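S.K.: With the sequences and hints as input, model every part of the structure.
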Amino acid sequence: MYDRETRFKLEETMNAGRIEFTEKHVMHMAQRRCDVIAISMSGAVLSLLSQSNLPNEFVLDIPDARIMKIGCVLMRMNANNTIDVRFLRLLTEKELNRIFIFSTHPAHKDKKLDVRSW
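Residue 32 in our numbering sits at position 32 of the sequence shown, and the numbers go up by one each step.
Please keep in mind that the hints were generated in silico from the structure rather than gathered at the bench. All values reported here derive from a predicted model rather than from experimental measurement. You may find that some hints are simply not true.
In silico DSSO-like pairs for lysine-lysine, Cα to Cα no more than 30 angstroms straight-line [unchecked claim]:
(1) 69 x 94
(2) 9 x 69
(3) 94 x 109
(4) 109 x 69
(5) 24 x 69
(6) 9 x 94
(7) 109 x 9
M.R.: Below is the structure:
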């Protein structure tokens with residue numbers, strides 16, 4: 001199903017993120033810190049601090065941009081501790097702009113926050 005969807009171009013960014021998932025089908029949520037190094041409307045590339053066993057489905061939070069609970073599906077685990085994920089819903093332009101505003105990537109240093117759009 002995910003291979004037939006349209007793919008949007010990934011844009012480099014640098015945001016702190018948090019992956020949340022249930023561990024061993026127990027009620028408590030486990031968390032892993034990550035960095036969002038590239039993002040598009042339909043997916044992202046996340047960098048993990050260490051290789052860890054992640055489930056196929058989890059939730060991504062980007063706290064700086066105040067974007068919570070983005071449902072994700074794990075597409076590929078790479079050898080350099082990065083993972084490719086697809087979102088269960090498309091991000092809006094407004095959400096992407098908020099992510100780029102709070103990014104520490106040099107390509108986004110001139111982005112301005114439009115208070116009226118919040």
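S.K.: It remains to establish, for every hint, whether it holds in the given structure.
M.R.: Evaluated hints:
| no. | hint | in the structure |
| --- | --- | --- |
| 1 | 69 x 94 | 16 angstroms, holds |
| 2 | 9 x 69 | 22 angstroms, holds |
| 3 | 94 x 109 | 17 angstroms, holds |
| 4 | 109 x 69 | 26 angstroms, holds |
| 5 | 24 x 69 | 20 angstroms, holds |
| 6 | 9 x 94 | 17 angstroms, holds |
| 7 | 109 x 9 | 20 angstroms, holds |
This entry satisfies every hint, going by the numbered hints stated previously.
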